[in-house]
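Chain A is fixed; fit chain B onto it per the hints.
Protein chains: 2
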Amino acid sequence: MTELKNDRYIRALLKQEVDKTPVWMMRQAGRYLPEYKEIRAQAGDFMSLCRNADLACEVTMQPLRRFDLDAAILFSDILTIPDAMGLGLYFENGEGPKFERPICCKKDVDNLIMPDPEVELQYVMNAVRRIKKELNGSVPLIGFSGSPWTLATYMVEGGTSKAFTKIKKMAFADGEILHALLDKLSESVIQYLNAQIEAGAQSVMIFDTWGGVLSPRDYELFSLQYMHKIVDGLHRTYAGKKVPVTLFTKNGGQWLEKIAATGCDCIGLDWTIDIASAKERVGDKVALQGNMDPSILYASETRIRQEVDIILQGYGKGVGHVFNLGHGIHLDVPPENAKIFVDAVHELSVPYHIR
Amino acid sequence: MTELKNDRYIRALLKQEVDKTPVWMMRQAGRYLPEYKEIRAQAGDFMSLCRNADLACEVTMQPLRRFDLDAAILFSDILTIPDAMGLGLYFENGEGPKFERPICCKKDVDNLIMPDPEVELQYVMNAVRRIKKELNGSVPLIGFSGSPWTLATYMVEGGTSKAFTKIKKMAFADGEILHALLDKLSESVIQYLNAQIEAGAQSVMIFDTWGGVLSPRDYELFSLQYMHKIVDGLHRTYAGKKVPVTLFTKNGGQWLEKIAATGCDCIGLDWTIDIASAKERVGDKVALQGNMDPSILYASETRIRQEVDIILQGYGKGVGHVFNLGHGIHLDVPPENAKIFVDAVHELSVPYHIR
Numbered sequence: 001m002t003e004l005k006n007d008r009y010i011r012a013l014l015k016q017e018v019d020k021t022p023v024w025m026m027r028q029a030g031r032y033l034p035e036y037k038e039i040r041a042q043a044g045d046f047m048s049l050c051r052n053a054d055l056a057c058e059v060t061m062q063p064l065r066r067f068d069l070d071a072a073i074l075f076s077d078i079l080t081i082p083d084a085m086g087l088g089l090y091f092e093n094g095e096g097p098k099f100e101r102p103i104c105c106k107k108d109v110d111n112l113i114m115p116d117p118e119v120e121l122q123y124v125m126n127a128v129r130r131i132k133k134e135l136n137g138s139v140p141l142i143g144f145s146g147s148p149w150t151l152a153t154y155m156v157e158g159g160t161s162k163a164f165t166k167i168k169k170m171a172f173a174d175g176e177i178l179h180a181l182l183d184k185l186s187e188s189v190i191q192y193l194n195a196q197i198e199a200g201a202q203s204v205m206i207f208d209t210w211g212g213v214l215s216p217r218d219y220e221l222f223s224l225q226y227m228h229k230i231v232d233g234l235h236r237t238y239a240g241k242k243v244p245v246t247l248f249t250k251n252g253g254q255w256l257e258k259i260a261a262t263g264c265d266c267i268g269l270d271w272t273i274d275i276a277s278a279k280e281r282v283g284d285k286v287a288l289q290g291n292m293d294p295s296i297l298y299a300s301e302t303r304i305r306q307e308v309d310i311i312l313q314g315y316g317k318g319v320g321h322v323f324n325l326g327h328g329i330h331l332d333v334p335p336e337n338a339k340i341f342v343d344a345v346h347e348l349s350v351p352y353h354i355r
Numbered sequence: 001m002t003e004l005k006n007d008r009y010i011r012a013l014l015k016q017e018v019d020k021t022p023v024w025m026m027r028q029a030g031r032y033l034p035e036y037k038e039i040r041a042q043a044g045d046f047m048s049l050c051r052n053a054d055l056a057c058e059v060t061m062q063p064l065r066r067f068d069l070d071a072a073i074l075f076s077d078i079l080t081i082p083d084a085m086g087l088g089l090y091f092e093n094g095e096g097p098k099f100e101r102p103i104c105c106k107k108d109v110d111n112l113i114m115p116d117p118e119v120e121l122q123y124v125m126n127a128v129r130r131i132k133k134e135l136n137g138s139v140p141l142i143g144f145s146g147s148p149w150t151l152a153t154y155m156v157e158g159g160t161s162k163a164f165t166k167i168k169k170m171a172f173a174d175g176e177i178l179h180a181l182l183d184k185l186s187e188s189v190i191q192y193l194n195a196q197i198e199a200g201a202q203s204v205m206i207f208d209t210w211g212g213v214l215s216p217r218d219y220e221l222f223s224l225q226y227m228h229k230i231v232d233g234l235h236r237t238y239a240g241k242k243v244p245v246t247l248f249t250k251n252g253g254q255w256l257e258k259i260a261a262t263g264c265d266c267i268g269l270d271w272t273i274d275i276a277s278a279k280e281r282v283g284d285k286v287a288l289q290g291n292m293d294p295s296i297l298y299a300s301e302t303r304i305r306q307e308v309d310i311i312l313q314g315y316g317k318g319v320g321h322v323f324n325l326g327h328g329i330h331l332d333v334p335p336e337n338a339k340i341f342v343d344a345v346h347e348l349s350v351p352y353h354i355r
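Line by line, the protein sequences are chains A and B.
Note that the numbering used here has the first sequence beginning at 1, numbered continuously upward.
Note that the numbering used here has the second sequence beginning at 1, numbered continuously upward.
Errors might be hidden in some of the hints.
All copies of an identical chain are treated as equivalent in the list; a pair is satisfied when it fits inside any one copy or across any two copies.
[As the list claims (entries may be wrong)] Once the Cα atoms are required to be at most 16 Å apart in a straight line, the calculated EDC-like pairs of lysine to aspartate or glutamate come out as:
no. : residue 1 : residue 2
1   : 169       : 332
2   : 162       : 332
3   : 184       : 116
4   : 258       : 284
5   : 162       : 95
6   : 169       : 301
7   : 166       : 332
8   : 133       : 198
FYI, nobody ran anything at the bench for these hints, they're computed from the structure.
Bound-form chain A, shown alone (with noise of 0.2 Å):
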């Protein structure tokens, strides 16, 4: 095992002492990037850049070189483990990604192949043991999952949705079927993230981009205790090291009490609430990740500075948090506004961590 030379990610996720808040960003292998335009013309389509280990290594490095990140994340999709259960994902030009055979009914579950981690989805393996080699103990690396209400939504819709009328539908007029679907994912979510760090990956975030479209009861019913059984069947020591695992429900700030009794090492934040008042609430149990408007990167350089400090003031001294953005960065954000940010974010936040 190569020791990590840049361990601050990890430390933070653990609530422990760093000299700086560690800085990554979400989608920071992707698009905003030209090296990356030029690697994803090569590999064709986007599921074979993803199936592609030296491609997918290869943009997984890129922000790296650029910026002083102080993680990696895999370059791959949310919606490996639908498509790996035989849902046909596909993508169209400029449009989300969408399903040829989305979920219907029972029958429709109970075909559904459980996918091998080392057999259909073995070519993300792949990417992770690639990557980690490449890292060289630089930075760690995370691996990444879709939450299984998540991955329902698009399994059901078929598709992105605006408001998510068939898989509501399913779970108001058919529950069972869905609870059937999400039992079936959670259990295929736990070997896919058990696997990655088996492969290399050093912590594990779990996307749940749609769990915030549900009201309070319906998010504990069809996607917090779904995390929770894969928080509790995650590999969270492996091979003698911590592996910190981070629940990220976008629009979830309300819930904040009720991810943290998952057991989760860090909630992740999007930018709709204040990190001040998070951190009160739930900052004496797990780590935050976040959380600036990723919009912020359109600004000037004072600007991105100023939103940086605001998010550290409101975090304050102590330990415990990941600065991030909110959710994915923008594709037409310049490459020069990232460093600004990474930058700023290293520099402002020394005085918040001299004891």
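Quick look at chain B alone, frame taken from chain A:
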């Protein structure tokens, strides 16, 4: 002035005693009703329907014939003001609203005309007068407008948006342009809503559909402060009657205290917040409207009634609750289920109003 035969809705907004919890449904006039589709087909496009006072009146009345609703709401669009300002509103098949001439720069803002409610928007006032006459005091008529921020999102993005990158770019890089736009819109909304009140609206509601995409600080700066100006500028009493005002920020559950501090009479809640906790936080200051997930209307009668009961229990005994969905009714909901919902609110709420 005709006295109201059913004033439950107004009384609840003013936190006065009622016999049953009043109920209405956002978008209660609309595509889920076959009789609406007939009139819509007759009118041609959507804006022609809005512009025809007789037809707008007819579709406003349709849900009241089917269901025991405690309020009527003006049939119109939230984008009438930007359209009257000269942006050219149009609807493409199956897609959301679009503008022919979106706002890009300061000059575009300067060039906006300030619509006179009884000239460019007279068709709306004619509809209000026509509906008021037709209602003949049976239930109160709700007037409405989009919030300045929400109107501005459509005006700058050119239509609906997912990430609101154009308006946020303007907000963070050219804030003074956006503030100039929001100032104009606020002034226009005040004139527009006051004209609706003069034409007969007995209560008004401001729809801030997209305030929830902002950070807490930016919400105050770009959305709430302008709604506050509007609340201050409205006829809060007209012809000797109080005219209650409701503010509804979708995904605004984290900011209820700030919204209540505007001095509005009522806050509209979406379903992502527990109404019990909302009441605990601001129930001494404002009435609350909401908050059932509209997708519950896909479920069985038993399930719909159960959800109504959970929300009634959540609010508990006491004045100040207007029952509603947390957002507009979905277009594929069976009208029978809307009836089950409305009747359940009246039937199940009686015990909560026995002193």
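Is it within, between, both, or neither for residue 258 and residue 284, if the alpha carbons may be no more than 16 Å apart? Within one copy, since 14 Å is at most 16 Å while 26 Å is not.
Between copies, within a copy, both or neither: which fits residue 162 and residue 95 at Cα up to 16 Å? both (13 Å within a copy, 12 Å between copies)
16 Å Cα threshold - placement of residue 332 relative to residue 169: between (36 Å within a copy, 11 Å between copies)
Given a CA cutoff of 16 Å, do residue 184 and residue 116 count as a within-copy pair, a between-copy pair, both, or neither? Intra 13 Å, inter 59 Å, cutoff 16 Å: intra-copy only.
Can you give me the call for residue 166 and residue 332, within, between, both or neither, at a CA distance of at most 16 Å? Classified as between: cross-chain Cα gap 11 Å, same-chain 32 Å, threshold 16 Å.
I want to check one pair: residue 169 and residue 301. Are their C-alpha atoms no more than 16 Å apart within a copy, between two copies, both, or neither? between (46 Å within a copy, 14 Å between copies)
Evaluate residue 133 and residue 198 at a C-alpha cut-off of 16 Å and name the case that applies: within, between, both or neither. within (14 Å within a copy, 72 Å between copies)
Intra- versus inter-subunit Cα pairing at 16 Å for residue 162 with residue 332: For residue 162 and residue 332, only the inter-copy Cα distance (14 Å) is at most 16 Å; the intra-copy one is 23 Å.
The structure is consistent with each of the numbered hints, conforming to all of them.
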